[in-house]
Amino acid sequence: MKTVEEIKAAIEGAVPGAGVTVVTNPSPAAQHSLLLRPESAVAVAAFLRDSPELAFDYLSNVTGVDWPDKEIAEKVKVTRQVKKTVDGVEQTVEETVEETRKRVEPGYLEAVYHLYSVALKHGPLVIRMRTANRADKVELPSLTPVWRGAELQEREVFDLYGIVFAGHPDLRRILMWDGFKDYPMRKDYVEPDDYEYEPTAHDQVLKRAQEHRAADAAQGTSHPSEQKSLAGDPGRG
Amino acid sequence: MSVAETKTEKLDGWNRPPVIEPDGEGELLEVAMGPHHPSTHGVFRMDVALDGERVIRLKPVFGYLHRNHEKIAEGTTYLASMPYTDRLDYFCSLSNNWAYALAVEKLVGQEVPERAEYIRVILAELTRVQNHASTIGFLLQEMGASGTPLMYAFREREKILDLFESLTGSRMMCNYMRFGGCRVDISEPWLAATRKVVAGLPAFVDEFEALLSSNEILMARCQGVGVLKPDLAVNAGISGPMLRASGVNYDIRKIDHYGVYDRFKFRVPLGDHGDIYDRYMVRVLEMRESIGILNQALKEIPSGPIMDPKAKIRNFRPKAGEAYGRIEAPKGELGFYLISDGGPNPYRYRVRPPSLINLTVLEDMCLGQNVADVVLIFGSVDIVLGEVDR
Numbered sequence: 001m002k003t004v005e006e007i008k009a010a011i012e013g014a015v016p017g018a019g020v021t022v023v024t025n026p027s028p029a030a031q032h033s034l035l036l037r038p039e040s041a042v043a044v045a046a047f048l049r050d051s052p053e054l055a056f057d058y059l060s061n062v063t064g065v066d067w068p069d070k071e072i073a074e075k076v077k078v079t080r081q082v083k084k085t086v087d088g089v090e091q092t093v094e095e096t097v098e099e100t101r102k103r104v105e106p107g108y109l110e111a112v113y114h115l116y117s118v119a120l121k122h123g124p125l126v127i128r129m130r131t132a133n134r135a136d137k138v139e140l141p142s143l144t145p146v147w148r149g150a151e152l153q154e155r156e157v158f159d160l161y162g163i164v165f166a167g168h169p170d171l172r173r174i175l176m177w178d179g180f181k182d183y184p185m186r187k188d189y190v191e192p193d194d195y196e197y198e199p200t201a202h203d204q205v206l207k208r209a210q211e212h213r214a215a216d217a218a219q220g221t222s223h224p225s226e227q228k229s230l231a232g233d234p235g236r237g
Numbered sequence: 001m002s003v004a005e006t007k008t009e010k011l012d013g014w015n016r017p018p019v020i021e022p023d024g025e026g027e028l029l030e031v032a033m034g035p036h037h038p039s040t041h042g043v044f045r046m047d048v049a050l051d052g053e054r055v056i057r058l059k060p061v062f063g064y065l066h067r068n069h070e071k072i073a074e075g076t077t078y079l080a081s082m083p084y085t086d087r088l089d090y091f092c093s094l095s096n097n098w099a100y101a102l103a104v105e106k107l108v109g110q111e112v113p114e115r116a117e118y119i120r121v122i123l124a125e126l127t128r129v130q131n132h133a134s135t136i137g138f139l140l141q142e143m144g145a146s147g148t149p150l151m152y153a154f155r156e157r158e159k160i161l162d163l164f165e166s167l168t169g170s171r172m173m174c175n176y177m178r179f180g181g182c183r184v185d186i187s188e189p190w191l192a193a194t195r196k197v198v199a200g201l202p203a204f205v206d207e208f209e210a211l212l213s214s215n216e217i218l219m220a221r222c223q224g225v226g227v228l229k230p231d232l233a234v235n236a237g238i239s240g241p242m243l244r245a246s247g248v249n250y251d252i253r254k255i256d257h258y259g260v261y262d263r264f265k266f267r268v269p270l271g272d273h274g275d276i277y278d279r280y281m282v283r284v285l286e287m288r289e290s291i292g293i294l295n296q297a298l299k300e301i302p303s304g305p306i307m308d309p310k311a312k313i314r315n316f317r318p319k320a321g322e323a324y325g326r327i328e329a330p331k332g333e334l335g336f337y338l339i340s341d342g343g344p345n346p347y348r349y350r351v352r353p354p355s356l357i358n359l360t361v362l363e364d365m366c367l368g369q370n371v372a373d374v375v376l377i378f379g380s381v382d383i384v385l386g387e388v389d390r
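Protein chains in written order, with my numbering: chain A, 1 to 237; chain B, 1 to 390.
Read the hints as simulated data drawn from the structure, not as lab findings. Glycine included, every Cβ here is placed at the ideal spot set by N, Cα and C. Hints are supplied without guarantee of correctness; some may be wrong.
As the list claims (entries may be wrong) - Reference excerpt, derived from the structure (chain B facing chain A, CB under 7 angstroms, subset only):
{"id": "1", "residue": "106"}
{"id": "2", "residue": "172"}
{"id": "3", "residue": "322"}
{"id": "4", "residue": "335"}
{"id": "5", "residue": "348"}
To be verified - Pairs of lysine to any residue, SDA-like flavour, derived with a Cα cap of 20 angstroms:
{"id": "6", "chain 1": "B", "residue 1": "59", "chain 2": "A", "residue 2": "2"}
{"id": "7", "chain 1": "B", "residue 1": "159", "chain 2": "B", "residue 2": "187"}
{"id": "8", "chain 1": "A", "residue 1": "187", "chain 2": "B", "residue 2": "76"}
{"id": "9", "chain 1": "B", "residue 1": "229", "chain 2": "B", "residue 2": "197"}
{"id": "10", "chain 1": "B", "residue 1": "312", "chain 2": "B", "residue 2": "115"}
{"id": "11", "chain 1": "A", "residue 1": "2", "chain 2": "A", "residue 2": "162"}
{"id": "12", "chain 1": "A", "residue 1": "187", "chain 2": "B", "residue 2": "68"}
{"id": "13", "chain 1": "A", "residue 1": "187", "chain 2": "B", "residue 2": "71"}
{"id": "14", "chain 1": "A", "residue 1": "70", "chain 2": "B", "residue 2": "347"}
{"id": "15", "chain 1": "B", "residue 1": "319", "chain 2": "A", "residue 2": "119"}
{"id": "16", "chain 1": "A", "residue 1": "187", "chain 2": "B", "residue 2": "344"}
{"id": "17", "chain 1": "B", "residue 1": "59", "chain 2": "B", "residue 2": "43"}
{"id": "18", "chain 1": "A", "residue 1": "137", "chain 2": "A", "residue 2": "107"}
{"id": "19", "chain 1": "B", "residue 1": "319", "chain 2": "A", "residue 2": "29"}
{"id": "20", "chain 1": "B", "residue 1": "312", "chain 2": "A", "residue 2": "29"}
Full structure from sequences and hints, please.
Below you can see the structure in the form of structure tokens.
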């Protein structure tokens, strides 16, 4: 299989303006990935599938990943003009102070696709797409029109992470029930308090059964086994 | 560039199943098959819209066994997730273990000693034999054979599970593979018992085939039913015996060269038509090939350590990075995708479930067929809900 850089060059030759970047993978597995831009992702995917040298006709795996906002504290050297008294005289002196500045690097949701080729028996090629942020811009193009294998897996990523795949034929929840709110696999998911509560008819049914038994005892129509217990048999619990 | 502009001949009509028109008068009957159903392999529901007996629309619904395995894994260490992988495809726990161990070994670049690789192959092929036998047994059960083929298959399966129990301590939830080898070494008595079981397997497969392969009911109900075309199979990410029954020569044991499979001679059975009968035959032939691999492995197994002495067990923190490792599990391509951030727990742990992805084309295969065939087609896909829902 060609290296990731060669594939990137091939993509940029075929799909102008693709804007593909290489994301290196520091682990020994060395499965480097290509970061696609959402605007050109479907065209790039179609090229990867249809090109005769690459022939990535088999989509193996679609994964969602949540990268939350990161707060980074940086130490920055700041030079300022400060009024100070030096030797009794007030002067304006330049002073260099080290300050800690906090900045927030915005997080994003990511969809990672693993591609293989059945025709040429090579792989894997890893491609990724990132959303703009985790709050409102969570749309990505669906690759289901290119590989049908993405259908159920993109539904699962939508269900568990909240990435909306534009162009998916049937985007709805797959593992959680339809009325479920929120996206469970996100790092900041909090379970609702009343999660375990399941409303049953237990108390209402018990009340009706007790009324039924009382009415039967008054009329004398209770079941023979019940009559013994009504007579106060201590053996029955 | 919008999606609509990139339509080519290949793209068109493939991202959803074809729409067929009901040809009768009256309304469609909507049936929910499941989740409590004797013929769905676990808690699984199919919302079927019927025109008489013909299936017009079929939507699978699952999630009834969702146990958020992936989120639990984000809160547990790498090694502590190993028992959870047993419970994914609970028929083939040793294959699940191996796939996870393979992915972690890829993540850290861990070597596995030779004896451990041979043990892994032996256990994986035993798992494959008992899985395929059970699948065929369940398929015949759904055809109305009332459990006789199933019990024949389970009789062999019990012998194999006895081997697993004496080696790993548990029949089904084995928790045996480790990152860098296996947990416990096999002994000579165990090898002798395994050789005895494997020697009895060809007779079992012969008996199975003699009773089933030319059975009139099986042939009438399975041939030409639930056809899956090879190009749709590849595009839909189908893997395992279902893919090979459609005629696509793709066996991960031969493609990825993982483990020591390169040392064994075995063939890959392929089907011609992609119907249920081909999937049944591919599984029978794969059982025979597995027996061949087992004979070779049991003869050639070397002595040596079963765990890499340099493997890091305590305080196992892989460097930041990611890896995707996959094996040819009995159900298909079972893959694990791990993202590590340098901590003791994985940052992202993803299971690529073959059963779920093989269900992508369930609707395509069932449209236009009778509702009775839906149960058979579903049985021939060979799913386990533990893997579909995780």
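- Item | Holds or violated: residue 70 (chain A) to residue 347 (chain B), with C-alpha atoms at most 20 angstroms apart | holds (15 angstroms)
- Between residue 59 (chain B) and residue 2 (chain A), is the straight-line Cα distance small enough, at 20 angstroms or below? Violated. Residue 59 (chain B) to residue 2 (chain A) sits at ~40 angstroms, over the 20 angstroms cutoff.
- Message: Need the status of pair residue 159 (chain B), residue 187 (chain B): alpha-carbon distance at most 20 angstroms?
- Response: Given that 20 angstroms is the threshold and the Cα spacing comes to 17 angstroms, the pair holds.
- Distance restraint between residue 59 (chain B) and residue 43 (chain B), which requires alpha-carbon spacing of 20 angstroms or less: holds (15 angstroms)
- Message: Please check whether residue 335 (chain B) passes as an interface residue: C-beta within 7 angstroms of a C-beta belonging to chain A.
- Response: Holds: closest Cβ of chain A sits about 6 angstroms from residue 335 (chain B), inside 7 angstroms.
- Message: For a C-alpha distance cap of 20 angstroms, please report whether residue 319 (chain B) and residue 29 (chain A) respect it.
- Response: Holds: residue 319 (chain B) and residue 29 (chain A) sit about 11 angstroms apart, inside 20 angstroms.
- Query: residue 137 (chain A) and residue 107 (chain A): Cα distance at most 20 angstroms?
  - Reply: Since the Cα atoms of residue 137 (chain A) and residue 107 (chain A) sit roughly 11 angstroms apart, the hinted pair holds (cutoff 20 angstroms).
- Query: Has the given pair, residue 187 (chain A) with residue 68 (chain B), been kept, meaning a C-alpha gap of at most 20 angstroms?
  - Reply: holds (13 angstroms)
- Taken at face value, is the distance from the CA of residue 76 (chain B) to the CA of residue 187 (chain A) at most 20 angstroms? holds (15 angstroms)
- Query: Can the restraint linking residue 312 (chain B) and residue 115 (chain B) be considered satisfied, given a maximum Cα separation of 20 angstroms?
  - Reply: Within the cut-off at roughly 19 angstroms; holds.
- Verify the proposed pairing of residue 229 (chain B) with residue 197 (chain B), using a straight-line Cα cut of 20 angstroms. violated (37 angstroms)
- Message: Hint residue 106 (chain B) vs chain A: min CB-CB distance below 7 angstroms?
- Response: holds (4 angstroms)
Hint violations for this structure: numbers 2, 6, 9, 11, 15, all remaining hints satisfied.
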